[in-house]
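> Chains as they are written, first to last, in our numbering: chain A, 1 to 361; chain B, 1 to 361.
One should not assume that every hint holds.
Said to hold, decoys possible - List time: in silico DSS-like cross-link candidates among lysine-lysine, alpha-carbon distance up to 27 Å:
#1 B:Lys289 to A:Lys43
#2 A:Lys141 to A:Lys232
#3 B:Lys43 to A:Lys289
#4 A:Lys166 to B:Lys49
#5 B:Lys95 to B:Lys289
#6 B:Lys257 to A:Lys270
#7 B:Lys257 to B:Lys141
#8 A:Lys289 to B:Lys232
#9 B:Lys166 to A:Lys257
#10 A:Lys176 to B:Lys232
#11 B:Lys71 to B:Lys327
#12 A:Lys86 to A:Lys331
Please keep in mind that the hints were generated in silico from the structure rather than gathered at the bench.
Number of protein chains: 2
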Amino acid sequence: MAESSPVRFGILGCANIARKVSRAITLAPNATISAVGSRSIEKATVYAKENGYPSTTKIYSSYEAVLDDPKVDSVYIPLPTSLHVKWAVLAAQKKKHVLLEKPVALNVKELDVILEECESNGLQYMDATMWMHHPRTAKMKEFLSDSQRFGQLKSVHSTFAYLGDKEFLENNICVKSDLDALGALGDAGWYSIRAILWTTDYELPKTVTALRDPEFNEAGVILSCGASLSWKDGRVATFYCSFLANVAMDFVASGSKGNLRVHDFVVPFKENAAPFYTVEDLWFGELAKSIHPAPSEQQVNTDLPQEALMVAEFSNLVGSIKGEGSKPEKKWPTISRKTQLVVDAVKASIEKGFEPVEIIY
Amino acid sequence: MAESSPVRFGILGCANIARKVSRAITLAPNATISAVGSRSIEKATVYAKENGYPSTTKIYSSYEAVLDDPKVDSVYIPLPTSLHVKWAVLAAQKKKHVLLEKPVALNVKELDVILEECESNGLQYMDATMWMHHPRTAKMKEFLSDSQRFGQLKSVHSTFAYLGDKEFLENNICVKSDLDALGALGDAGWYSIRAILWTTDYELPKTVTALRDPEFNEAGVILSCGASLSWKDGRVATFYCSFLANVAMDFVASGSKGNLRVHDFVVPFKENAAPFYTVEDLWFGELAKSIHPAPSEQQVNTDLPQEALMVAEFSNLVGSIKGEGSKPEKKWPTISRKTQLVVDAVKASIEKGFEPVEIIY
């Protein structure tokens with residue numbers, strides 16, 4: 001495959017979230033949609049049309065058929081979490097690179113099966129955590145890494161929440177114990193946990209302790225929860241995730257010299273420009289009557305939305321593997337696995353009555 | 001004493017924080033400074049001059065002499081915390097109303113001695129938590145109380161921190177085990193705990209669990225710590241307080257319908273106008289490519305700084321007691337005690353190896 005050929009995606013299923021990623025594949029300069037599979041050909045046909053798939057897109061009546069198509073390089077898997085291990089492993093066995101929707105697995109044991117299959121087949125794996133690919137994320141990281149401006153990391157707090165309506169709380173796959181058993185921890189907490197680990201350059205905490213009194217639905221699926229993470233050196237992180245609160249996508253980091261705040265870290269207020277707020281050496285004015293300076297806003301523009309940048313980055317890596325025989329980029333499976341380890345630890349802490357759980361990597 | 005006569009304050013000691021409150025007494029229309037006491041007459045004379053005390057101010061060489069002055073109605077006590085119980089009790093015995101700097105006591109047992117002495121003498125007690133008196137605080141409360149705009153409270157997070165320099169960390173009374181043994185928990189955590197309780201209309205949490213791995217100095221005084229609070233109904237709060245991080249005065253509340261954020265809740269960026277940020281019914285745009293609306297800023301102006309409004313409110317209450325025989329306002333001792341109860345619980349949880357501590361009111 002020539003470097004200039006776009007990476008050809010097969011889409012497994014007609015999930016709502018796949019609409020956004022389908023558009024992103026269309027927008028990414030190095031990717032194209034070549035197939036979609038659904039148990040209903042009719043549904044997939046309508047879906048392909050509604051989402052502007054190329055007229056050449058193959059419509060299959062099964063996921064297997066997508067995986068068997070030799071003109072598919074990569075699959076995007078937006079299926080319910082409980083189905084990830086089956087279909088991601090099968091995709092890897094069929095030599096398809098895997099872009100996997102989050103939460104990536106019900107636990108790290110399942111994820112390891114997926115990652116091992118991808119690795120042994122020389123395939124790229126990436127989880128679909130879109131905000132990682134926004135240029136704002138790199139700009140924020142520059143600030144956090146600046147020992148003069150931010151200093152030493154001391155604390156992080158993140159909230160990711162959205163308010164499920166009656167229909168969502170009764171019927172959405174995110175609250176079904178047989179489909180997305182991790183509930184709000186997997187769907188919302190994933191983002192906060194990733195953000196916290198991103199802040200520590202993926203240094204895992206020593207212990208994770210769930211906050212007391214999460215909320216559950218009747219089937220025992222988490223609707224809201226939180227946790228504290230500690231690194232045994234004074235750094236602390238806390239997060240709250242919920243299907244029962246107004247949309248919040250907050251991330252606040254306190255360093256010894258500066259602070260960083262962002263209020264839309266997962267999905268920005270605007271597609272083409274995203275803000276974050278920094279302040280350095282904040283101190284008290286005369287008689288401590290006021291504090292100075294006020295935080296300043298930094299806007300980071302982007303021509304392509306973050307989800308298209310994610311597809312472009314994934315496709316770059318796939319293109320290098322196919323075109324130049326490169327090795328898969330290990331960063332992506334590594335940080336996905338670390339995120340899952342913390343998700344698992346929060347769940348374990350809840351199950352153990354909010355006892356601290358040590359993270360073993 | 002006629003209603004229109006200003007309340008006459010005696011100041012115990014020449015603490016730095018007393019400069020700010022001295023100015024506030026001067027600014028408040030219903031208060032005046034009538035005496036100051038210090039072990040050094042010379043120091044107090046210079047201090048009175050530097051801080052623009054009225055020329056009629058009595059300069060005493062002891063705190064006792066201030067308490068014995070019949071022309072002193074009220075005392076402001078900015079002494080180290082370990083001295084509060086002695087001097088606040090003595091002040092109350094001498095029939096002086098008490099404006100007490102925070103942290104108010106080393107523990108609730110000590111505070112109860114103070115509160116009982118004030119109550120049995122029919123005196124007003126108030127802790128010097130200035131931000132409570134900013135008109136912004138009332139405006140924020142309006143939003144939080146609005147079931148249509150904010151809905152049901154789900155989570156709160158607060159950070160209060162400032163970076164102590166070498167001199168502070170070695171010599172400030174805030175890090176001395178014999179003076180302010182509560183360290184960062186008393187000096188900084190106090191504000192976050194008060195803010196959390198303010199959010200719940202002072203409904204105490206059922207349990208308080210300290211975050212693991214606080215930082216201590218060699219004398220065992222807390223330099224940074226945090227805690228999670230839970231109400232057994234899904235509401236959670238977390239806070240982080242520190243002498244080891246850049247100034248942060250954050251308060252973020254998530255409701256089922258709205259969010260509130262403020263980044264300078266203890267001391268505003270500007271003396272005469274303070275912002276807060278609200279957003280209601282935040283939701284995803286088409287294909288979840290963005291979220292709408294962005295938070296909106298509300299500016300609350302004030303002619304008098306919050307510390308002068310605190311003095312004015314305290315003096316109003318004292319004036320009513322003296323002029324009209326009113327009873328002291330119980331709100332202030334009540335919320336001070338509740339704040340202390342949570343401070344005590346955090347400390348107990350740290351001492352018990354981060355076990356949850358039940359709050360018994």
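> Give a verdict on every hint.
Results for each hint:
1. B:Lys289 to A:Lys43: 23 Å, holds
2. A:Lys141 to A:Lys232: Holds. Lys141 (chain A) to Lys232 (chain A) sits at ~23 Å (cutoff 27 Å).
3. B:Lys43 to A:Lys289: Roughly 23 Å separates the two Cα atoms, so the pair holds.
4. A:Lys166 to B:Lys49: 66 Å, violated
5. B:Lys95 to B:Lys289: 65 Å, violated
6. B:Lys257 to A:Lys270: 21 Å, holds
7. B:Lys257 to B:Lys141: 15 Å, holds
8. A:Lys289 to B:Lys232: Given pair Lys289 (chain A), Lys232 (chain B) is violated - Cα atoms ~38 Å apart, limit 27 Å.
9. B:Lys166 to A:Lys257: Distance of about 14 Å is within 27 Å: holds.
10. A:Lys176 to B:Lys232: Holds: Lys176 (chain A) and Lys232 (chain B) sit about 24 Å apart, inside 27 Å.
11. B:Lys71 to B:Lys327: Holds, at roughly 21 Å.
12. A:Lys86 to A:Lys331: 23 Å, holds
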